[in-house]
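Protein chains in written order, with numbering that gives the first Met the number 0: chain A, 0 to 355; chain B, 0 to 332.
Don't read these hints as lab results, they were simulated from the structure.
Accuracy of the hints is not assured; some may be wrong.
If you want the footprint, here are the derived chain B segments under chain A, 3+ residues with CB under 8 Å [stated by the list, open to error]:
no., stretch
1, 127-138
2, 314-324
Chain A is nowhere near these chain B residues, computed Cβ spacing over 10 Å in every case [what the hints assert, rightly or not]:
no., residue
3, Glu151
4, Gln152
5, Ala156
6, Ile182
7, Thr257
8, Ala304
Idealized CB from N, CA, C, for every residue including glycine.
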Amino acid sequence: MMKDTYGTLAVKAAMALIAALLLFAPFLFQDVRAIEVAARICIFIVLVASYDLLIGYTGIVSFAHTMFFGFGAYGAAIALRQMGPGWDAVALGTLAGLGLSLVVATVIGLISLRVKAIFFAMITLAAASVVLVLASQLSQLTGGEDGITYRVPSLFKTATKLAVDEEGKVLRWFGVRLNGKLAAYYFVFFTSLVLFLLMLRITVSPLGTVLKAIRENEARAEAIGYRVVAYRTFVFCLSALVASLAGSVYSIWLKYTGPDTALSFAIMIDILLMVVIGGMGTMWGAVVGAVLMVMAQYYLRDLMGAASEATAGLPLLPELLAPDRWLFWLGILFILLVYFFPRGIVGTLMTRGVRA
Amino acid sequence: MSGVMTRASETLGRFGGVNLLPLWIALAAFLLIGVPSSWVTLTVAGLAMGMMVFLMASGLSLVFGLMDVLNFGHSAFVSFGAFVAATVLAALGGWLDGGPLLASAALACALIAAIAFGLAAGLFFERVIIKPVYRDHLRQILITMGALIVSEQIILAVWGGTPVTVPRPAFLEGAWIIGDVSIEIYRLFAFGLGALVFLGLILLLNRTRIGLLIRAGVENREMVESLGFKIDRLFIGVFMLGSALAALGGAMWAGYETLITPALGGEMMIVVFIVVIIGGLGSIEGTLLGALIVGLTANYVGYLAPKLALASNMILMMAILMWRPSGLRPAVK
Chain A
0 MMKDTYGTLA VKAAMALIAA LLLFAPFLFQ DVRAIEVAAR ICIFIVLVAS YDLLIGYTGI
60 VSFAHTMFFG FGAYGAAIAL RQMGPGWDAV ALGTLAGLGL SLVVATVIGL ISLRVKAIFF
120 AMITLAAASV VLVLASQLSQ LTGGEDGITY RVPSLFKTAT KLAVDEEGKV LRWFGVRLNG
180 KLAAYYFVFF TSLVLFLLML RITVSPLGTV LKAIRENEAR AEAIGYRVVA YRTFVFCLSA
240 LVASLAGSVY SIWLKYTGPD TALSFAIMID ILLMVVIGGM GTMWGAVVGA VLMVMAQYYL
300 RDLMGAASEA TAGLPLLPEL LAPDRWLFWL GILFILLVYF FPRGIVGTLM TRGVRA
Chain B
0 MSGVMTRASE TLGRFGGVNL LPLWIALAAF LLIGVPSSWV TLTVAGLAMG MMVFLMASGL
60 SLVFGLMDVL NFGHSAFVSF GAFVAATVLA ALGGWLDGGP LLASAALACA LIAAIAFGLA
120 AGLFFERVII KPVYRDHLRQ ILITMGALIV SEQIILAVWG GTPVTVPRPA FLEGAWIIGD
180 VSIEIYRLFA FGLGALVFLG LILLLNRTRI GLLIRAGVEN REMVESLGFK IDRLFIGVFM
240 LGSALAALGG AMWAGYETLI TPALGGEMMI VVFIVVIIGG LGSIEGTLLG ALIVGLTANY
300 VGYLAPKLAL ASNMILMMAI LMWRPSGLRP AVK
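Turn these sequences into a full structure, and let the hints steer you where they fit.
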């Protein structure tokens, strides 16, 4: 057994810290925005980790991951909208999203996973864009560009009191109201945790080893007797299902589902950036990538706004530093990372600092 | 001798089989539409769109065929071409009203500016973005995707997010009306230019020494290299040419749409990918075939069943991939 490097220890410490921060987020950061950020981080950790199963562990590049996320989100959203806020709607919608994801993933997988990686990437990109257009066209069902708002089960409503004190007011723990919002956050947190641990378990199982073998040398894996197409299709379906579940959970948390939150190509780019920045082929990388990117999305813009004003006199620079141009800088960072640190932050860190 | 014969018969078989596909589609559409005048209008529109898409897609296909490099950032050239041409046309706005000669000069300037930009951007792109990741598909996809993100942001920073109107020379405005058939002049112009470029490419590939080397490189790169030719240098040329054609296609498309947004490249990219997949990577003829099929289908379906219009390309691609997994006329391997 090899000793962990100092880098690995650092990564593990960071993981423990992130887990603790997310677990106690409602108590540590008592403002609405911070809780939104924490919930988004939880969801994106799952989403990026499921994408990492594809790109990092098996070497499949898919651009349809948000499509599955969207299936889950829209499934739950449409069910809640049509059937009213009940658990039956949540269950039905989630299952419908899962079913659709499974069918589409199987079809795409069986048709196109035989071909070269590059064809697969192109085909998934085309499929995802068609679904995006369909979602905005079928506005009766999906609300089109505006998306849909709906009510969620009463347990998750902010007005719901989980516990009351003697006067009938909502009970506070350490200054935090025990209301439905808290329940919703922990629903998001624990579902994400379970899904993440499940994927972590898969990567260390024999299945995970086969996937890595396919990534490293497809022909050899086939020669040993593993049916590469079957494994690829399986992992594609698996990651699609996880993404779909994450989508359902996110739609319940947001109480709103639209192309921008669940289906747009921008989310796909976010996922790509997260997985590459964090590090492909390590589940921990998904965590680091998601945390950094979501934080950047929420807080970097403020910083860039200030920088843009500071450079107001110079040509072009203020436009490039404008808060809306944050993707420009992340894109450059992304390219540099792929060149110089293809293993991402976590992958690079974990190989550093070998212990004697 | 018999080898030549079988090859000839194969070519003939192909000629009859796959190459006539656009014709069959047009015939089927004629029967379904039933109104000859609408059919002519739609067919011209489809052919014009096909030719513009062909301009955008041909470079992508050649680059992949020659170097096994798929550039996901290809659509950036399309967008840049559109915006550069729009800017030049707007700057030369005075010329556009000053008679056909001056207006054509302005148009030529715009198209040449787009091509020049495409050449320069292609050179930069190949050297800086693609060269370090030859032969590594995963990183290639990621890096070109990153480059696409950055390019889109640059377009947004330079031209802003609001739609830009593209002025057109007066002699390309309007339509010819023959009986009850109306044909937009710009569409004929787009078709003509596309056909010209296609012929030029065919001549370049089939009648020149460089074309011979390119075709040989597509077939077997190692062999050409071992015979002492520098495929890498050839590849830069092909890449630049492909980028320039994409920029030209973008410029033409800008004139066609007359109102362009930075999302243009992204929208066209999907169509371009579908065309390249349908046609088979690496072959110019395949790309033209795919482009015409996609252009015609898009227009016919848009008329017959507007709701299906957007999914039609996708369905078409699925169907063709089931029939011929590597496209209609693949050139490679």
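Hint numbers contradicted by this structure:
3, 4 and 5
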